[in-house]
Amino acid sequence: MDKSDRKIRVLVAKPGTDSHYRGAELLCQILRNAGMEVIYTGRYQTSDMIVNTAIAEDVDVVCLSSLAWSQEKYYIEVANMLKDKGSDTCVVGGGIISKKAIPKLKEAGVTGLYGPGTPNDVIIKHITERVKKERWHEN
Amino acid sequence: MTTKGEKKKKEISLDRTKKDQITKKTTESGFELKPSYGPRDLQDFVYERDSGNDGEYPYLRGLYPGMYRNILWVSAQALTRETPEKSRMEQEVIWEHGAATFYFSSGDVNRTGLDPDHPLAKYDIAYSPENYSYKRMERSLQGIKLEEGIYTFHGASSQQDDVLCVAQLATIADLWGADKTKIRGSCINDPIDNMATAFSIDFPFEIGMRLHGDLTEYIVREMPTFSPFAAIAYDLWEAGCNSVQQLGIILSTLTAYHQIALDRGIPFEQVGRRATISMASSMDFFETVCRIRAARRMWARIAKERFGASDPKLCRLRIAIRTPGQTITRQQPLNNIARIGFQALAAVLGGASAVDYARHDEAFCIPSEESSMVSLALNHIIAQETGVGLTADPLGGSYYVEWLTNKLEEEANKLMKEIEDMGGILKVAESGWLRRLVNSARDERMLALEKGEQIQVGVNYFRLPDEKEPEIVEYEFDDMDKLQADLLEEVRQYKANRDIQKTRQALLTLREKAKTKENLMPYIVNCFKADATRSEILGMIREAYGYTYDTVDMIERPEFLN
Amino acid sequence: MDESKVKILMVKAGLEGHWAGLIVVSNALRNAGFEVIYGGNMTPVEVAATAAQEDVNVVGISSLTANYMLTVPAVIKGLKERGKGDVLLLLGGTIYEDDFDALKKMGVAGIFTPGTPMEEIINFVREKTSAKVK
Amino acid sequence: MQTEQHFSASGIPIKDIYTPEDTKDLDYDKDLGIAGEPPFTRGPYPTMYRGKVWTIRRLTGFNTPEDSNKLYREQYELGQTGFSVAPDITTAIGVDADDPMVEYEIGHSGLPLNTIEDVDVAFDGLPIDRVSTYLAERGPITAMYFAVAEKRGIDLKQLRGTTAGCMISWGVLNIPLQPPPRGYRRYGADFIEWCSEVAPMWNPICHDSYNVRDLGLNAYEELGMLFASAIDFVEEEKRRGRIPLDRFVRRFAFNTAAHNDFFEEIAKIRAARRIWYKIVTERYGIQDPNCAKFRVHVQSSGSTHTAQEPYNNLIRIAYQTLAAVLGGAQSIHANGYDEAVCLPTDQSMLLSIRTEQIAALETGVTNTIDPLGGSYYVESLTNELEERTWEYIKMIEDMGGMAQAMQDGWYHRLLREKPIERQQKVDSGEIPIVGVNTFRSEKEPYKVPIFKPDPAASREIQAEKLRKFREKRDKAKHAEAMKRLVEACNSDENVYPYVFEAVKVGATFGEVSKAQVDAYGVWPYPIGL
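Protein chains in written order, with our numbering: chain Z, 154 to 292; chain C, 958 to 1519; chain B, 29 to 162; chain X, 35 to 563.
To be clear, the hints were calculated from the coordinates, so they are not data collected in a lab.
On a predicted model such as this, the values are computed, not experimentally measured, just so you know.
Check before you lean on any hint, since a few could be wrong.
Claimed, not checked - Pairs of lysine-lysine residues, derived as DSS-like cross-links and limited to a Cα-Cα distance of at most 27 Å, are as follows: (1) X/477 to B/132; (2) X/272 to B/133; (3) X/486 to B/132; (4) X/481 to X/185; (5) X/58 to C/1364; (6) Z/259 to C/1425; (7) C/1270 to Z/257; (8) C/1270 to X/49; (9) Z/259 to C/1439.
Whenever a hint applies, use it, and build me the whole structure from the sequences.
In structure tokens form, the structure reads like this:
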């Protein structure tokens, strides 16, 4: 496949009991409009479920969305589980991220971490760049 | 003061001339506005028929004579902390500031119908009080004379949560020997809202409607000073519905609920005098004012014309307003104080019966004590300093306000008629029409936000570079790892140390009764008394209707119930 | 002690024109029974000279523009030069909390920020002057 | 709200409810009409905020012209739409920064503007050809500003802005070295005439009741004094007879405060428009309706702010701003929430601008004109305020007009009593202030960031600049210009052409002021306990 035609495959996932689905659904729409292939897990996912789907669907990136305080633990757990299973799928996270959590999340390889109100192109650019660099190894 | 780089010194960007121009000339609901309104826009307006004075049918100008001069709106604050005890302490601070209600706001775990030991809940627990058993709720009520408080179950946007909360309160009242007939308060109990917005995991609709009726009946019989249901437009607003849609849907809903009560043999007088809706105030100041005024008049007319209410007092609609979290921005959070302030003022000018204030830092953390203080002060400043309560309905007579109120009522009536023609609100809720309506409203709002048609100052208008964003103070949680471990241990102990036979018996009876037409509320109360937990109770009811035990379909029914 | 024996000079040291607070506090102190000299705007030297000439027990300075870190030391210096170093010195207005220590070290006895109940100022003066004025 | 009788903040009795009965005498076309048409009750312009939102204009300045320039740029980039310059107290007095008298005051609550160079620096890089400026001074700095504009190639005939120059607001300051009110008024009249020649788009005077209101006048007293002062200037010009009234009356600007009583403040602005229309057309018989438009800048009221729980002020400011908007103001200054705590910080400046933007762009209250028009309550209150204002104007006129009332001490006696009265009402709880005399929190309140200026440094910088400036200027030309200025001050001639010449050849503000004050002598204020 010609590189330029290659579509980024995304899994948008909502871990835990957080019910706020609008952000995740909006993200799906934004990424689809940007030409990505998007799979949405729906709500109420455990880390296991998310990781299994990510591997089965061979996605380039997992976008985690949660407005609950459990996000820090879930995001790190998902990133670590993917690594443990030998996957190089990128993990990005969104929602309302506590300042204190940011270094820990970055250390675990979770990036993005944009809050509400972030312009769409910032999100798209970040995902594209990270996937191209880390997963497709383009320069 | 910030110093700017020298090289930037000579030019400042001027390309914002366009931004200075206001081009929007429509309201939030999309009504095209004229430059101004005058008496000719109100030619059909008959004061005695369409307005009336304060405290007079059709209550356009307020429910009571003199309004806030005599009865101030109820100030409420939804607030939860990590434990029942900590939530209680916060409540006490709020009481000191004149708020009267005990506000129960359930967290995500309750809202999804799970016990804290559910695998999906493992990281989410202990951020709110987690009333999985009545004992948890009891802990936050220690030392209170139940008959003296006012209890509000409005937090969760989940009907199953309302049903279980009221049952827990009734359980505690029974065990404490309190007089249930004197317990005041309110719950939402609005299954149609859940069908429309699907915000929470809730009962399937058929169960929801049955328990709606059961709860109503139970409250009317056992707790007659408690308000059995309300129609809630707050979630509809958050989901993207405009004022017309909100009014059309919730007034249809409220009508349906009263009809259900009638069908169960409850006279209109017994529920009609507590008719309540809850709405969001939104950023469109005047539309919020008019939405509230229109709702009052619409309900008065419905109560009189459809339900034949004999006493005009039975035509009064109480309206609780919450300033919405969705308009709170993370950028420059202190700006939100002005936003909340405008929304709250609109609520008061509309004549709301209760106002619940958002906190300016909700968009990025659990509300801090500082933001709670500001919200409390906000209430007092409106009440004490601005003088807007000096006279009833101060906007009454304004050409624009009366025109917009009329317009909203007219359009909402059309939607109600449309719903009626399709077989009524229950039908369209069940058929998915309602959900589709809400979804398309949501898509429209998202589009407007994306296109920047909807301006949010500091977000898509004059946004600051991140490094210039002011520092924000985050709420400090207690040690969450420990709190979560402790809670899990507590649940384990609770489940291990109860009289399991008694629990089993109560739950199995509930499941059996759920298959009959009997009112389930007393059986749910019995289950709590027998130390059953929330998800066990929900599981039994679900199973009776042929659904899986677990709301998220992850775990099996516990062994002792086999 | 007898309040009428306590003499208070109330001033704005410097030129700034926000004098409403000064008038309000002066009036409250006078109503409480103290003898109050309303000085209005004065230079620090004038403040010290007037304090000495009128032999006051208390000097109250109001400042709303942060000039107090310059004017207060000048007033104190002037008072000391005139042998009035023992005057009870009060400062009111928008005073920065992180200046409190420095001001106290200089010899400011009481600092009152906006919204302080009048009672509090009156009681403070009463308490502090009861020992001094026989 | 528990008492039987209810009153507005100005003591107007308020009824339980207002109904059509209360507005039955209202003649829509005669008393309200539509915006942009007489009597302008509903707004001075036909499009109002649908055409252009009000000007966001915050009165600021601090430390030095250099630092203030940075601040103005910053504000502009945050979305402010007008400039507003507050000179410091030394400039207001009219002495230069190297005068020993002002040792402690340079750069406090304003910036020092001593020379034409200072003005140039303060406006460096700012688009003053497109954005209007408010100068809180009485004339000479505007002359410097005009000279700077000319130097930048801007046509003075197109230059837009406003000079404060108001008597009643200046009188409040209680500063030394000022001429008596009649002298002040004479220079004001000179300035008005001169401006109508050289800069006809410029508002040469802004009748300003903000300060007197903040000292405790109520809403209709505020309006009464405001209009009495404006009338005094028209009368003065009429007496002098040098230019036709309609030439300058059209350029009168106004400035009021926005206090806490929400509806009273809205009604006040609406009433003011109708009153001014009647003054201009009925009293002075000026035909051109454009002369009768009451155009007003409104500032949220600093005296309502509290040092306790400073964020509460954000709420007060938001409501006062909204009242100004619903009243139909042309320009608004939302205060910094921390003004009772310290000089405004970066953050408070940002929030002020944002508060106005939120009101303008998010609340939708700008979508239609005069949205409260027709409200039984608002219209009744508007009528009531109008009536009471006329009475107050008459009372001042009976004393011989505003300048005379100032000269005779009435004004200062009044302003001495008002803060005391207000404090008594606060003490008794009649005026509730949340966080101060009601719901006062025992808890240690949260901390807000603060800003502290460095006055000693500002003085050094300004003094050094002045020394160099004086060295550099053409001493002969300067001496000649000053001589002519002094002569003009002592004659009946308009002084402003000479002020303009003098500042262009390096006269400092202190020098110009001295010439002006010397001609009339210094006025001792009749104020004290």
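Hints and how they fare:
Between residue 477 of chain X and residue 132 of chain B the alpha-carbon distance is near 24 Å, which keeps this suggested pair within the 27 Å criterion. Straight-line distance between C-alpha atoms of residue 272 of chain X and residue 133 of chain B comes to about 60 Å, which puts the hinted pair past the 27 Å bound. Note on residue 486 of chain X and residue 132 of chain B: the hinted pairing holds, with a Cα-Cα distance of about 19 Å set against a maximum of 27 Å. With a CA separation close to 47 Å, the supplied pair residue 481 of chain X and residue 185 of chain X exceeds the 27 Å bound.
Only pairs whose Cα atoms come within 27 Å are accepted, and residue 58 of chain X paired with residue 1364 of chain C is accepted, the gap being roughly 24 Å. With a C-alpha separation of about 22 Å, the suggested pair residue 259 of chain Z and residue 1425 of chain C falls inside the 27 Å cut-off, and the hint holds. Annotation: proposed proximity of residue 1270 of chain C to residue 257 of chain Z is violated, straight-line Cα distance about 59 Å (limit 27 Å). Only pairs whose Cα atoms come within 27 Å are accepted, and residue 1270 of chain C paired with residue 49 of chain X is accepted, the gap being roughly 23 Å.
Of the supplied pair hints, the one linking residue 259 of chain Z and residue 1439 of chain C holds, its CA atoms being roughly 24 Å apart against a limit of 27 Å.
Checked against the numbered hints above, the structure violates hints 2, 4 and 7; every other hint is satisfied.
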